[in-house]
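A.B. asks: Each chain, letter by letter, is given below.
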Amino acid sequence: MTDRPLTRNIDMSRAPFDIGQYRAAGGYGSVEKMLKTMAPGDVLDLVKNSGLKGRGGAGFPTGLKWSFVPMGDNAPKTKYLVVNADEMEPGTFKDRLLMEGDPHLLLEGMMIAAYTIQANTAYIFLRGEYLRAEKLLQNAIAEAHNKGLLGKNIQGSGFDLEIILHTSAGRYICGEETALLNALEGKRANPRAKPPFPQVSGLWGKPTIVNNVETLCNLPGIVNYGIEWFKGLGLGADAGTKLCGVSGRVKNPGCWELPLGTPIRELLEDKAGGMCDGYALRAFLPGGGSTDFLLPQHLDLTLDYDVIGKAGSRLATGTMIVLDDRTCPVGMVGNLMKFFSHESCGWCTPCRDGLPWIDEIFQRFEKGGGLESDMQVLTDHLEYLGPGRTFCALAPGAMAPLGSALRHFRDDFHDHIHGGGCPWQR
Amino acid sequence: MAKITVDGIVYEVNPQNNLLQECLSHGLDLPYFCWHPCMGSVGACRQCAVKQYRNADDKIGTVVMSCMTPASDGAIISIADAQAVKMRSSVIESLMISHPHDCPVCEEGGECHLQDMTQMSGHNYRRYDFKKVTHRNQNLGPFINHEMNRCIACYRCVRYYDDYAGGKDLAALGAHHHVYFGRQEEGTLESEFSGNLVEVCPTGVFTDKTFSEHYTRKWDLQTAPSICTGCGAGCNTTPGERYGTLRRIVNRYHHDLNGYFLCDRGRFGYGFNSSDNRITEASLVSSHADEKGVRKPLTQQEAQRQFDALTAGDVVGIGSPRASLESNLALRARVGVKNFYAGFSAEQQRCMQAVIAINREQGLHCPDIRTLEQADCVLVVNEDITNTSPRFALALRQAVRNRAAQLATDARIPLWQDAAVRELAQNELSPLFILSPQGTRLDDVATETFLSTIAQQVALLSAIANTIDASVGTAATDEDSAEQARRIAAALISATKPTIVSGTSAGSEALIHATANVARALRKYSVQSAAINLCFAMPEVNTMGLALLMEEGGGTLDEALQRLARGNADAAIVLENDLSLRTTPAAIDAAIAGTDSGSAVWVVIDQLHNSFNARAQLLLPVTSFAEQNSTFVNYEGRAQSSHQVFPADAALRPGYEWLTPHDPLSPLLTTSETILFHSAQTLAAFAGAEKLLPPRTGMQALMKSPRQLHRYSGRTAMHAHSNVHESKQPTDRQSPMAFSMEGLSLQKDSSLLSAAWAPGWNSNQAISKFQDEINGELKQGCKGVHLLQRTLPPQSAMAVNSAKAGKKGTFVVYFIDHIFGSDELSAKSPAITARSVGPYLCIGKSEATALGLHQHGLARVSNGDHVVELPVLIRQRIAAGAVGIYCGAEINRHLFAGSVSVAPVNEDDNVLARSRQMFSDLIINDSLINNSESGRG
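Residue numbers (the numbering used here), protein chains in the order written: chain D, 1 to 426; chain U, 427 to 1363.
The hints are simulated quantities; they were obtained by calculation from the structure and are not laboratory data.
Backbone N, C-alpha and C fix where the C-beta goes; we use that ideal spot for every residue, glycine too.
Be careful, since some hints might not be right.
Facing chain D, a subset of chain U residues (Cβ under 7 Å, in silico) [to be verified]: (1) R472; (2) S516; (3) V517; (4) I523; (5) A601; (6) H603; (7) V605; (8) T835; (9) I839.
Listed below are the simulated PhoX-like cross-link pairs for lysine-lysine, each with C-alpha atoms no more than 25 Å apart in a straight line [unchecked claim]: (10) U:K594 to D:K367; (11) D:K338 to U:K594; (12) D:K187 to U:K594; (13) D:K367 to U:K722.
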C-alpha cells in the first residue's frame, strides 16, 4: 500500500526503473491479478466505483466514459485505446513527469484499460517535443514485449495487446480527443462533432476510449489495492491523488503528487516554497492556461474538482500558473491569447476569426493605441466564443483567463488604454 | 411525422432531418454557409445558430447550431431570439474581418450567398480595424478563377471537391485564420466536376473563368430553362445571354436528373455558340460557268428560295442525333418517311434498336440519375461514363457510399451528420464492378476493375448471367473467369437495388444483349418483384429522340449513302450532322460523287463549319440550342423542353423553320410547339409528348414568363448607339416566355424557372424556395415526359454472338473518349479546347516494350488499308492484346475499327517534347507519365 501510487517509483536523480526493477517493486502485479481473476466487466465496475475522474482536464468519471463502449458479441471486434500524451496546455508538465519518471506505470495502466474494453491495439499519442519520454516509452514497450506482457496471448490469458507509440507533429488542438483521433488517422487535426462519441465511433470509426496519461497511471493502484484504499487517498469529496504543478515566480517550481482535497496554500507554500523574495502573489490559474484566474483569497480552497468549480474556475490539469505583482497581467493574458489564436485549427468561425482579433487588440494594448471600444469587443467575444457557440472547447478555454482577467484586472486594462501602452515597460 | 415549434408556430417535420433543413423546407429564412442540401452538416461556420428550449417552461434556452441538431419531435426553437440573432450577426462580423470590400468588382456580386446572408443577419458596421489576412491566388486552369482573399473558410469547396466528387488535388492547407483552400501547387484542377465549385462556393473565391471573359451581372443576364447538349443524360441547365452572346451556363435543379451539379463539359462547353467557326450566313456554291465552285453568300429569302428549288425533286433527308426532335420531325415531314434516313452510324442504329427494345421490356427499369445514386451494387459495362456521360460517374460516386449510409443507420448516426458518417464507414464502399478495356477514373472507388476487351466482356457477362441463372448465358471456360463471374454475381444477387450501367459507345450489339442478359437473369432474385436497374448512356443530346423516330420508319445512313452513290436522288438534305463522324470517307465520297447519270445537290443545315459541310452546295445557318425552342429525349426516353434563351441573329433560323414550307396564312405551323403537338398526335413513339407543352390557363393565357429578372438593366441604353428611342422588345410568338422583364412573377408561377431568385436570396441557393422541401421536387415545373413504356413482356435471354477476337500479331482496337474533346460541339469551345488533346495511341507496358515503343514516342498504326502515326501513351492498366485510339477531330474512327498492327517510328526530340506536353494535360489515373509508377491521381 502506498499513499503516492503515481510517483512512488519516481526519482528524477536516477534513470527510471527498467522492467526488472519495476517488477521487483511490485510492478505489473495488477495486470497479473486482473488477467487471472477478473473479467472485463469486473474491472469496469471497479473503476466505476472507485470514483476515478479523468485527469486530462475535464474531470469526467473514467468508468462512466468506458461504459459507453459497446461490449458483447454484437459489438465491433476492433476497438482501440488511445492515450492522450499530447501535453500542450500552457503551464502543464505533469504527464511528462510520469512518462520520464516511470514509463512502465503508464503501460501497466494501459493494459488494464485495454483489457476492460477488450481493445487489442493501443496508441500513445505523444507530444512531439517529449523526446526523452519517446525513448523511454519505446524502450519500455520493447521490454514488456520481451517479457510477454505485450503481444499475443498475454500470460496465457488469451488476451492480445499491441502498444504503438505515435509522436505528434505538434498542435495544441491534438489534446482535444477527437482532433487527436483525426491526427492519428493522418487527417487534419480538426475536432469532430459529438455525438457520435469516440466510444461508439472513434479511431478509424471503431469504438475507442481516449484517456489521459495520469488517469491511466491511477489504474494499477486501484486494481491492486481496491476502491476503499483509492477513496481513502483523497482528503475531500474526490478520490485519489493528483499530480499538481506550480510554475511562475515561486521559490521551488515543480510537480508533486498530492491527495485530492489538499489546500491550495499547502501546494503553493509548502511544496513550491512560496513566492520568490520581493514578489507577492497577485493571482493564479489553478489548472493551466485555459482556466479562470483565482485570487489570493482563494488560497485556502482545497484541490477538489467541485470546490474549484464553485469558486468560478476549474481544477483541470492541476498545474498552477502563478501571477506575481511585478508581472503585467494584461501581458500574461495577451501571451495566452496569442497562443490560443495560433493553435486554433481554423474549423469554426468564432474561434478561427475571433481569437486573432483578440490577439490584435492585446498587441495594441501592449504597444499603445488601445481603445476603450476594444474592451467592448473583448466582452462581446466572451459570449461569442463561449461554450456551445464554438465547435470544441478550445475557444471557451481561452475565454476563461480572458473573462476573469477582465473582471479582476480592469484597472490594468485601463492603464494600458489611457497610458499609451504597457505601464510595466515604460 | 414529428412536430416542432419555431417562434411559436408549429410545423410538421421529418425527425430524420436536422433543424436547419426543416426550417428551410418550411420556407423560413435561416442563414447558413457550410451546410449544403447534398452534403449535409458539419457545424463549421456557426451561422445557423438558433435558440433551443428544453420545454415550454424553459424561458432561458441554449443557443445551438440548427444544422447539428435533430428536428426531434417536440423541439421548441426560436430564430428570432435576441441571443441567436446576435450570434448570427457576430459570425458575419467575424467572416467580414478579412473579406475584401470588392463587391463592385467581384463576379459573385449580385448572386453572392455571403451578401445575402450578411443582409439577412443584419451586420452592418465594421469594428475590426487591424490588417486583413491576404493570400496568394493560384491559376487553376481554364475553367476556374481563384481569389482566396474572399474566402470565409466554410470548407464547402473541399467537402464538395474531395468528399463528394472524389477529387484529390484541392485541399484545406494551413491552420487557424491562415487556412487556405487550393492545390498543393498551382495547376489545372483535375476533377471533371470542378465547375460546381463556382456554385458551391458561397462567395467569390471560385468563379467561372469563361464567364469572366465576357462578364455580366446575374441580373443583367437573359435566361431560360434549357437542356445540356453535351451528352444524352439530359441535365437541366440555365444558360445566360447578354448583348446577343451566350455568357455562361449554370445548373438548373432537376430532382430526378442532375440535382445540384453539372459536369465541366456541360458547364464550360457553350463557347462554340459564338466561336469563329459558327456558320453565320447562308451560302451557295455557284454553278455558273464563269465562277464555278465559288461560294457566295445569300440573304435569308434567297436561301429559302434556293433551298426550295434545289430540293423540289427526289430528296434524301438525313437526320441528326444532335438536332432537336422538331427539326428531325420537320425534315421527315418534308422529305417523306421513305426518303428519311437516320443520321447515326449503322452500328449505332443497330445498338439503339436493341436498347429501345430493352427499355420497353417489363421487369427492367431504366434508372434516372437520382436512382443511380441509390444503387447498392453497380456493374459498369465497358462505357467510360466519366468521359461519355459524366454526370453518371458523379452519381456512382454517391452510390458507393450507400454502404456508409447503411452502417450509419445501424449505428443510429443521422445521415446528415456528414463527417460522422464518413468517419464511421472509412473506406467501406458498396460494390462497384467495372468492365473496361483500360483503367477508368472511377477505379479508385471500384471494388474491382476487370481490364478486358469487348469479346472478353461478352464472355464474362455470359458467365455472370449463367452463374445467376443457369438457364441463361454460358458458363466460363476457365477458372479465373468463373471466379470473377461468381464474385460479381454474388454481389448483384445480394443487393436490393442492383444496377447495371452501360452505353452504346462501343457500337457492339453483342455487348448490349450480353449486358441485358445479366439483368434478365437477376429478375429471378429481385426483391418483391422490384425491377432491375439497367441503363445505357447515350452519346448525344437527342440520340434517343432520333432512334425513337426511326422506330416509325426510315432507312439507315448506309442506305442513304448507297442510294446517293447510285445517283438515285436529286438532292440530299443533311440536318445538323457531320457525316465524317458517322462513316468512312470513302462512303461519303461515293455518295457525293454519285454516278455519271447524276449526282445529288447537297444541302447542309448546321451550326459550325467543318470539312464535311464545306462540300455542300447550299449551306444553311441554323440556330444553336440557346437560340431556339427544342425538345430533346434523353437516355431514359424522357422528353424535355429546352427553351430559347435569346433571339438569334436574323440570318439564323431553327432547322424546323428552314425545313417547313412557309405558309404565310398560318405562320404558327412552323413553331416547335405545333410540330411537337402534331407528332404526338400522329406518331405512336411520341404519344404523350404534348404534355410537355405548358397549359395555357388562367393568368398564363394573358401573361408570359419573363426571361429577364426584374432588375435587368440597360434596356433603354443597349441600342442607344443606333437609335435613342427605346425599341420594342423582340416578340416571342413561339413559346410561353417573353424576351422581357415583364410578365408573370417567379413567385407566382415558376413553371418556367428562368433563374432561381427569391426575395433575400439572390444566389442559386434560392432554389430551396422553389422546392416542395429541401432536395425535393420543384413545386411547379415539368420534369419531362417519359416516351418509353414498358409494354413488352419480360424477354428470355437473347443469344449473343461472341465478338470477334483479333488476328495473331495484331491488337484489338478500342476507342477512347474524352470529356473534353469527344463531343463535337463543345470541343469547339475555347475553354474545352484548352483542355483537349490530339489523337494518340494507348498501349500496355509489356506490349510497348516488346514492340520497342517509348513513352510519348510515335507509333505507326495500320490495319492494312489505312496507316496513321500517333503519339504513344503507355498505360499501366489496359487489357492485354488491346490498344486504345483516341481519334480527336483528326482521325476517322471508322477507318480503324477492328484490329491493327503497331510499329515504332523513329521520332526526334521535338516530337517527344510535343507529345509530352500534350500528355501532361491529360488527367488519367494510371499513366506512366514521366516514367513514374504512381502516375497522377
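A.B. asks: Which numbered hints are broken by the structure, listed smallest first?
C.D. replies: Per hint list: 8, 10, 11 and 13 violated.
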